[in-house]
Structures are given as C-alpha cells and as structure tokens.
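Peer 1: Dock chain B against chain A, hints included.
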Amino acid sequence: MEKTLQAKALTKVYNKNKKALDGVDVVFRPGCIYGLIGRNGAGKTTLLSCLTAQANPTQGEITYGGEKVWENAAVLGEICFAREMSPILFMGPNTYKVKDYLRAARMYYPHWDEAYAKRLVEQFGLEPKKRINALSKGMLSMLTIVLAMASMAPITILDEPVAGLDVVAREQFYKLLLEDYENTQRTFIVSTHILEEAATIFEEVVLLDKGKILEQGNTEELVSQFHYVSGKKEDVEQAVEGMKVLSQETMGKTKGVVVRCGAEQLEILQQNTTVDISPMNLQKVFIALTTSNCKEA
Amino acid sequence: MKGTVRFAIWWLKKQLLATLGILLAYFVITKVLFSTSVSTSNVFLQNFGNIIAGAVAFLLPWTWFLEGKHLAFSMGATRKGFFLVGQMHKLPAVLISLMFLLLAGQRGLPVVSGAVSAFAAACMSECMGIWSCRMGRKGLILFTIMAGLFGGLGALGSMGVFQDIGFVLQWIQNPLLPWGSLLLSAVLLAVSWQMFRKMDV
Numbered sequence: 356m357e358k359t360l361q362a363k364a365l366t367k368v369y370n371k372n373k374k375a376l377d378g379v380d381v382v383f384r385p386g387c388i389y390g391l392i393g394r395n396g397a398g399k400t401t402l403l404s405c406l407t408a409q410a411n412p413t414q415g416e417i418t419y420g421g422e423k424v425w426e427n428a429a430v431l432g433e434i435c436f437a438r439e440m441s442p443i444l445f446m447g448p449n450t451y452k453v454k455d456y457l458r459a460a461r462m463y464y465p466h467w468d469e470a471y472a473k474r475l476v477e478q479f480g481l482e483p484k485k486r487i488n489a490l491s492k493g494m495l496s497m498l499t500i501v502l503a504m505a506s507m508a509p510i511t512i513l514d515e516p517v518a519g520l521d522v523v524a525r526e527q528f529y530k531l532l533l534e535d536y537e538n539t540q541r542t543f544i545v546s547t548h549i550l551e552e553a554a555t556i557f558e559e560v561v562l563l564d565k566g567k568i569l570e571q572g573n574t575e576e577l578v579s580q581f582h583y584v585s586g587k588k589e590d591v592e593q594a595v596e597g598m599k600v601l602s603q604e605t606m607g608k609t610k611g612v613v614v615r616c617g618a619e620q621l622e623i624l625q626q627n628t629t630v631d632i633s634p635m636n637l638q639k640v641f642i643a644l645t646t647s648n649c650k651e652a
Numbered sequence: 055m056k057g058t059v060r061f062a063i064w065w066l067k068k069q070l071l072a073t074l075g076i077l078l079a080y081f082v083i084t085k086v087l088f089s090t091s092v093s094t095s096n097v098f099l100q101n102f103g104n105i106i107a108g109a110v111a112f113l114l115p116w117t118w119f120l121e122g123k124h125l126a127f128s129m130g131a132t133r134k135g136f137f138l139v140g141q142m143h144k145l146p147a148v149l150i151s152l153m154f155l156l157l158a159g160q161r162g163l164p165v166v167s168g169a170v171s172a173f174a175a176a177c178m179s180e181c182m183g184i185w186s187c188r189m190g191r192k193g194l195i196l197f198t199i200m201a202g203l204f205g206g207l208g209a210l211g212s213m214g215v216f217q218d219i220g221f222v223l224q225w226i227q228n229p230l231l232p233w234g235s236l237l238l239s240a241v242l243l244a245v246s247w248q249m250f251r252k253m254d255v
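Chains A and B are the protein sequences, given in the same order. Just so it is clear: in the first sequence, position 261 is 616 by the numbering used here, and no numbers are missing. Just so it is clear: in the second sequence, position 93 is 147 by the numbering used here, and no numbers are missing.
Honestly, the hints are just simulated from the structure, not real lab data. Quantities reported herein were computed from a predicted structural model and do not represent experimental measurements. Incorrect hints may have been included.
Residues from chain A that face chain B, not an exhaustive set, calculated with beta carbons under 7 angstroms [as the list claims (entries may be wrong)]:
| hint | residue |
| --- | --- |
| 1 | Ala410 |
| 2 | Ala428 |
| 3 | Gly432 |
| 4 | Ala459 |
| 5 | Met462 |
| 6 | Ile642 |
With a straight-line Cα cutoff of 35 angstroms, these simulated DSBU-like cross-link-like pairs (lysine-lysine) come out [unchecked claim]:
| hint | chain 1 | residue 1 | chain 2 | residue 2 |
| --- | --- | --- | --- | --- |
| 7 | B | Lys67 | A | Lys358 |
| 8 | A | Lys373 | B | Lys134 |
| 9 | A | Lys423 | B | Lys67 |
| 10 | A | Lys371 | B | Lys67 |
| 11 | A | Lys567 | A | Lys363 |
Counterexamples of contact, computed for chain A against chain B with all Cβ distances above 10 angstroms [said to hold, decoys possible]:
| hint | residue |
| --- | --- |
| 12 | Ser404 |
| 13 | Arg438 |
| 14 | Arg458 |
| 15 | Ala460 |
| 16 | Ala470 |
| 17 | Val523 |
| 18 | Ala524 |
| 19 | Arg541 |
| 20 | Lys588 |
| 21 | Glu592 |
| 22 | Thr628 |
| 23 | Lys639 |
Ideal Cβ placement from N, Cα and C applies to all residues, glycine included.
Only chain B is shown next, with the shape it has when bound in the complex:
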C-alpha cells in the first residue's frame, strides 16, 4: 500500500500538470481567440472546445488506471490498495468540472451536483475500462466509445453547455441529482471493485 500511495502521488502530480495545461489551452482558445465577437459559430466552437477539454480530462484517470494497473501489479501492488488509490485520480476530472461550472456562472447546488456527476461518469468509465481489459481488442474499442460518451456527457453536464440547449439546466438543478449521482457512484464503484478483485493482469 505504501508503494502504491507514493506511486499514485507521483502520478497525480503529472496528471494535475496535464490538467493545468488543458485548462490553459481552454482559456487561450475560448477566452482569447474567440473573445472579440460573440456569434453562434463562436459559441459552438467554445462548447466544442469545452467538450474536448473535458473529455481529455476524463481520459487522464483511465490512462493511469489501465497502464498503471499493469505496472503496479507487476511490481507487487495489491488490488485493494491500487483500487482505493486509483479513486484519487478522479481529482483532475472533478476539478476541471468544478472549474467549468464556476466559469459558467453556476453556484451552490449545481456546482456540487456537477462535480458528483463528473465523479460518477469517471467511475462508470473505469468500469468500462475494467471490462475492456477482460475483453481484449473488442473491449478496447467498446471502452474507447464508452469513454468518449461518458467523458463527453460528463464534460457537457458539468460545464453547463446544456444551458444553451435549455433543458439540462433544469436537470442539473434537480435537488435529487447529487444523491442520485452519489448512489450511482457507489453502485458503480462496488461493481467495478468486484470485477477488479479477481482480475488477472
């Protein structure tokens, strides 16, 4: 466990740096390059940039999870230690979601619910990652599709892009959402842990 914690902290530093880079790119693209005029196409580009940035931020923990898993197990990590510490790597995804929500002018409950749903989406993707490991190439393709889907959805939902569409703002502001997201996260974590527990490398 000690080795896993040290390894995770070191890797998290790298991830946070990458997240910072993504945020910087986001600001450059959306706030500097497209700040002179507001048009429909610019709004679309901003949102598109958000989706890409969000999806990349969500992908980072998966990279850690899949590649780190092989490395850590081959070096003697226990499954329990790796799984627990692995959850730490959702932090960049949650941080980036919070950032988008705050930038979108959201406060209070939507911010919390957005962060929780981002965590749930990341957990779901982890589950997909675990399945993909057991399913070989087909699983990897499925994983990529699901990662993109959940990453994209998580990014969209968390940064308030749906506000432009109109109806998701209502969804985000539903007071039951944080609890629902928490429940979903708990279920997904339990399922993925059960799968992870008996996994071969």
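Isolated chain A, as found in the complex:
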C-alpha cells in the first residue's frame, strides 16, 4: 500500500486568537514533487511544522500511512523537514559545527546516505568545521539542502530552500532535485516564493492563503484554466461575460482581465477575434488568485 501524508481538518491557533491554519485538508501522495505556495504569513511553515510534529495542532489529525505522526518516532524517521535556520542564539542549532549538525542527522534519519552528504558538502563548498552561526544565508540554505537530500527520507520537505542562494546555486539545486527525484521517486514538498523558476519543477501545487487551502492539484491543469484577456474595454467586457474574472486593469480605452474558464468557455473565447488571449504562468496565476476580488463578469 502506498503511504500518503495526510492532514484532516487541521487548525492551528496561536496566542488564543491568531488562526494560522483553518480547517486544512491536504493529501501528499508518494512519488510526486509538490510546491507549497502562499504569501508571507499564509501558514506554510505552520502547516509544514504540524505535518512533521514540530508544532502541536489545535485541532485536526495528521497521519502517514494511516499512522498518527504525533510522538511517533518510526513515522517521524520517514519524514525530513529541512527548515530555515534561525540566527537567534538558543533558537536553533547555532553553536553546532556543520559536521556536528550532519552527524546528528546521521543518528536520526534511518535512510541517511553519508557518502551523498559528503559529496554535497564538497559540491557546495561548505566547511565542515565552521559553526552554523558563522555561515552566510546562502551557506545556511545549502546546509539545509544537504540535510534534506542526504536524509533520503520518503517524504522530504524543504522550506524556502533557495532563499539566499544566487541564481547559479539555485539552478544547481533544481538540477539536483530533479536528478534525485528521478533516482529515488520520493516525495518532495517544496515551499518557495520564487515561483517563476520553480514552477516547472512542481508536478502538483498547493496554494495556501490566510490559513486555508485556496487551490490544490496538478500544476499544468491549474495554470491552463487561467487566461489574460486584453483589448478594447467594451470588447473585453463583452468577451468575458459570464466568466469568472479574478483581476482587471484599465489603461485608457484598453482593458486587461484575468479569467478562469474551462475548455468550452475557452473555445468560445478564442472565437472572439476582437480580443487578445494569452496563457499565464504559475506566478501570475498565484498573484491573481491571492489578490483577487473574484466576481462573475
């Protein structure tokens, strides 16, 4: 039986009234690269912390392969959450050396690949004897990537893995991720803000907004539902009549709108020669969805 990581009706409340997650239902299937996207404060890290038992949910249940995750050492060994490290003293493993940090990982992760870890440390130019609090932001990201990759955990979660990495290092990471995925077919859940680059990596996407799941599903299928329609104001308004408009902008006599429509509606739309219809990318879809005041045209 394929093991899935599942959250049911997950709610997390901070300080008695701040709802970070609100009834989240999500399933992560094996052998898939998931993108977890959302604006700052959308609840991404809280969701990932709850999924890995690092935060205690206020309500709801998290299971992996049908077993509860909370206080379950066997299950937790199957999940690796490589999270961003905090620079505050005592609020993270700041005084540990790189080699000590990786040594601890070797003790915890049953599938740990030491040779792979050493190769990645060399590849990224990390100094094993350097203390974590002496690493630059980019180096910290590299260390979390090494941890995630070498853990060989069936569910590997990366929280903002490319934050602080330069464009070359980011490309290296995406390449590494795809190579690893091809070899291991394990599940990756990647939380990121750099959608333009990462969009092609994600097979599935989970979009979180204000603690709720806004969208989840196949990336290509989701993106293909959104189109940018532009042209003369009257023509555009007429063309998108009855369609779901997510955002609109007017510049003089011209107008541009983002619409969500099915295949049939798109066909009708394409027959209209007075307006231009352009496909959208994940980043633009994300912006439209999270800033939308959805209405029917």
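Peer 2: The following block gives chain B in isolation, referenced to the frame of chain A:
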C-alpha cells in the same frame, strides 16, 4: 528514541569534557594561584571562582536543552524521548556539585543533599528555559537571570561556600532536605514535562 539516545550520548561526551575543563580551571585558579597565602580576599576569590565554575556547569545542560531541542525535533525526535534523555544532561552539574562538596570536606548526608539540590536547581532552570522558549526575547532575558540565579544558588549550596557565611551549613545538614529536594525535583519535572509536551518548535 534510538536516535535521541545516540545523539544524547554523543553530546554528553562533549559536556563532560567541558566539565572536566571547568574543574581543571577551578583547580588552577583556587589551588595553584591562590595557595601560597590564605587571606580574606583569596577566600573571596576562591568562592567567586566556585560560583562561576558552578554556574557554567549548570548552564551546559541548558545549552544542550535549548539548542538540542530545535535540532532534535527538526530531525524527528519525539518529545517524550528528548525529555527523558535530556535529564541525563544534568549529570555534569551533579558531578561538579559532588566534587565541590567532597572538596569542602563534606561527607554523607550533606553530599547527597547537595547533589539532589543541584539536580533540583537544574530542573528548575530547565523549566525556566521552557518558559523562555514560549516567551520570545523577554523570556530569554528572564531565562538568563533565572539561570544565573539558580545556577549560582545551586553552585553555592552544593559546594559549601555558605559555610563561610555560617547558616547554610545548617540548612545543608537538615535531614529533610534530600526529600524536600526530591519532591521539588519531581514537581518541577512534572510541570516542565507538561509544558514541554505541547511545545512548538
């Protein structure tokens, strides 16, 4: 749990080495540098050295506890495993207390009570550490103050520095103290475990 035990043993080795270093520094400062003459100022310096050494020894488990907690949880440790194993890290603090008591010429009950009160002080500080984690920066400041206070008190009480003052020797020799300390330790452990159980990282 297996990973936590292996991690704890490895970390404890480091702590014990640090404790050994502290003890060595203590001997150098108090027994070698100030051994030629006995004066009031030297006694003060010796005691001051004791307090610093004791406080540092007490601080070691907290460092493990706070930094190790983040690392261990992020790598899949369970709370129960980490908490149970975390108590192992009181060992250097207890060892250093015992050492001070024996060096102060104490034997029997005061030695036991000193070690137990040292353990209680370490547990109390752990409780403070847990609160501080939940209270952010303010908590960290409070934690530092409380750690210093309890570390200092634990060190003072355990090494017999109060003998110079006179009244605490009586306190240390109270036959009820070991039981009181044990009870206090149990209460503090129960409270800290309850807080730890639901803690977010």
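Peer 1: So, as I understand it, the hint says A/Ala428 touches chain B; can you test that by seeing if any CB pair is closer than 7 angstroms?
Peer 2: It holds, given that the least Cβ distance between A/Ala428 and chain B is near 5 angstroms, below 7 angstroms.
Peer 1: Taking C-beta pairs only, is A/Lys639 more than 10 angstroms away from all of chain B?
Peer 2: Since the minimum Cβ distance to chain B is about 34 angstroms, A/Lys639 lies beyond 10 angstroms and the statement holds.
Peer 1: Are B/Lys67 and A/Lys358 close enough, with their CA atoms no more than 35 angstroms apart?
Peer 2: 38 angstroms, violated
Peer 1: Close enough to count: is the Cβ of A/Ala459 nearer than 7 angstroms to one in chain B?
Peer 2: Nearest chain B Cβ about 5 angstroms off; hint holds.
Peer 1: For A/Arg541, is the shortest CB-to-CB distance to chain B above 10 angstroms, so the non-interface label stands?
Peer 2: Holds: least Cβ distance 15 angstroms, greater than 10 angstroms.
Peer 1: Checking hints one by one. Is A/Ile642 an interface residue toward chain B, by the C-beta closer than 7 angstroms rule?
Peer 2: A/Ile642 check fails; min Cβ-Cβ to chain B is 31 angstroms, beyond 7 angstroms.
Peer 1: A cut-off of 10 angstroms on Cβ-Cβ distance, and A/Glu592 was said to be off the interface with chain B. Does that hold?
Peer 2: The assertion about A/Glu592 holds, with a minimum of 49 angstroms to chain B.
Peer 1: Is the claim that A/Thr628 lies outside the interface with chain B correct, judged by CB distances over 10 angstroms?
Peer 2: 57 angstroms, holds
Peer 1: Let's test the interface hint: is any C-beta of chain B closer than 7 angstroms to that of A/Ala410?
Peer 2: Check passed: Cβ of A/Ala410 comes within 4 angstroms of chain B, closer than 7 angstroms.
Peer 1: Say whether it holds or is violated: A/Val523 keeps its Cβ farther than 10 angstroms from all Cβ of chain B.
Peer 2: 27 angstroms, holds
Peer 1: Since A/Arg438 was said not to touch the interface, does its Cβ keep a gap of more than 10 angstroms from each Cβ of chain B?
Peer 2: It is violated; A/Arg438 is separated from chain B by about 6 angstroms at its closest Cβ, not greater than 10 angstroms.
Peer 1: Please work out if A/Lys567 and A/Lys363 have their alpha carbons no farther apart than 35 angstroms.
Peer 2: Satisfied, since the Cα-Cα distance of roughly 12 angstroms is no more than 35 angstroms.
The earlier numbered hints that this structure contradicts are 6, 7, 10, 12, 13, 14, 15.
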